[in-house]
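So the sequences go chain by chain: A and B.
Using my numbering, the first residue of the first sequence is number 535, and each one after it goes up by one.
Using my numbering, the first residue of the second sequence is number 3, and each one after it goes up by one.
Possibly wrong hints are sitting among the right ones.
List time: in silico PhoX-like cross-link candidates among lysine-lysine, alpha-carbon distance up to 20 Å [to be verified]: (1) LYS51/B - LYS71/B; (2) LYS605/A - LYS629/A; (3) LYS51/B - LYS103/B; (4) LYS629/A - LYS103/B; (5) LYS60/B - LYS71/B; (6) LYS605/A - LYS591/A; (7) LYS604/A - LYS629/A; (8) LYS591/A - LYS103/B; (9) LYS629/A - LYS51/B; (10) LYS604/A - LYS591/A; (11) LYS103/B - LYS605/A.
Honestly, the hints are just simulated from the structure, not real lab data.
Keep in mind that this is a model prediction, so the values were computed, not measured.
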Amino acid sequence: NAGVTQTPKFRVLKTGQSMTLLCAQDMNHEYMYWYRQDPGMGLRLIHYSVGEGTTAKGEVPDGYNVSRLKKQNFLLGLESAAPSQTSVYFCASTKTRQGSYEQYFGPGTRLTVT
Amino acid sequence: AQSVTQLDSQVPVFEEAPVELRCNYSSSVSVYLFWYVQYPNQGLQLLLKYLSGSTLVKGINGFEAEFNKSQTSFHLRKPSVHISDTAEYFCAVTIQTGGFKTIFGAGTRLFVKA
Numbered sequence: 535n536a537g538v539t540q541t542p543k544f545r546v547l548k549t550g551q552s553m554t555l556l557c558a559q560d561m562n563h564e565y566m567y568w569y570r571q572d573p574g575m576g577l578r579l580i581h582y583s584v585g586e587g588t589t590a591k592g593e594v595p596d597g598y599n600v601s602r603l604k605k606q607n608f609l610l611g612l613e614s615a616a617p618s619q620t621s622v623y624f625c626a627s628t629k630t631r632q633g634s635y636e637q638y639f640g641p642g643t644r645l646t647v648t
Numbered sequence: 003a004q005s006v007t008q009l010d011s012q013v014p015v016f017e018e019a020p021v022e023l024r025c026n027y028s029s030s031v032s033v034y035l036f037w038y039v040q041y042p043n044q045g046l047q048l049l050l051k052y053l054s055g056s057t058l059v060k061g062i063n064g065f066e067a068e069f070n071k072s073q074t075s076f077h078l079r080k081p082s083v084h085i086s087d088t089a090e091y092f093c094a095v096t097i098q099t100g101g102f103k104t105i106f107g108a109g110t111r112l113f114v115k116a
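Pulled out of the complex, with its shape left as it was, chain A reads as follows:
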């Protein structure tokens, strides 16, 4: 099992450009999440999904959109990148059945917006 994978690992954007981050998991997990990590702030939830075809806003959703067309994939889009979106982005998934609630994380995508 590859677990949770993220594409790309690094990206540099100019202000106003758009991009999509791809997250894939091969563990058949129902829940998937997108977080951003900034120094001294821990992880903040951007959007999450409780199943295929469903998405919901997290703590800091502005400027981002998501889609979950397939159970194993969760896409994060930036329509018009801003310097404030410079961050490390992590995708995670959770198996909530059978009493397991731990999250499995991808390796992260380091995004710089200039």
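Once you have looked at the hints, place chain B on chain A.
Here is chain B on its own, set in the frame of chain A:
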């Protein structure tokens, strides 16, 4: 509203000394408690978790944590640290409200010195 407070942003400690990383949380609903570790340039991985039962839980790499409901704390301990324990540690609570959401603390950076 739920929140997680990690009381120390950085903890320097000498190799083979004991260490405690402190975590307090607030929640009006039942929570599941987690500690995650993040090594440099990697994603987070589960260290240990408390779902129910015994309040003392043991995790990987010799770490343990104790759930104290009255003090709403979940402190992480290790009796003797190694250089390889140098990493950032995140306390997290998962709640069930319209799905499962996880709230992370800001993180504690553990420096183990020779």
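Now the hints, each set against the structure:
Between LYS51/B and LYS71/B the CA atoms are separated by roughly 15 Å; this keeps the pair inside 20 Å, and the hint holds. A distance of roughly 12 Å separates the Cα atoms of LYS605/A and LYS629/A; the hinted pair therefore holds under the 20 Å criterion. For a cut-off of 20 Å, the pair hint linking LYS51/B to LYS103/B stands: about 15 Å separates their Cα positions. Taking the CA atoms of LYS629/A and LYS103/B, the gap is near 12 Å; set against the 20 Å cutoff, the hint holds.
This hinted pair checks out: LYS60/B and LYS71/B have alpha carbons roughly 17 Å apart, not beyond 20 Å. Of the supplied pair hints, the one linking LYS605/A and LYS591/A holds, its CA atoms being roughly 18 Å apart against a limit of 20 Å. For the proposed pair LYS604/A and LYS629/A, the alpha carbon gap of about 16 Å is at most 20 Å, so the pair holds. As the CA atoms of LYS591/A and LYS103/B are separated by approximately 11 Å, the hinted pair is consistent with the 20 Å bound.
A threshold of 20 Å between alpha carbons decides the hint, and for LYS629/A with LYS51/B the separation of about 14 Å falls inside it, so the pair holds. Using a Cα cut-off of 20 Å, the hinted pair LYS604/A and LYS591/A holds, with the two alpha carbons roughly 18 Å apart. A C-alpha spacing of about 18 Å is found between LYS103/B and LYS605/A, which places the hinted pair at or below 20 Å, so the restraint holds.
Comparing the model with each earlier hint shows no violations; every hint is respected.
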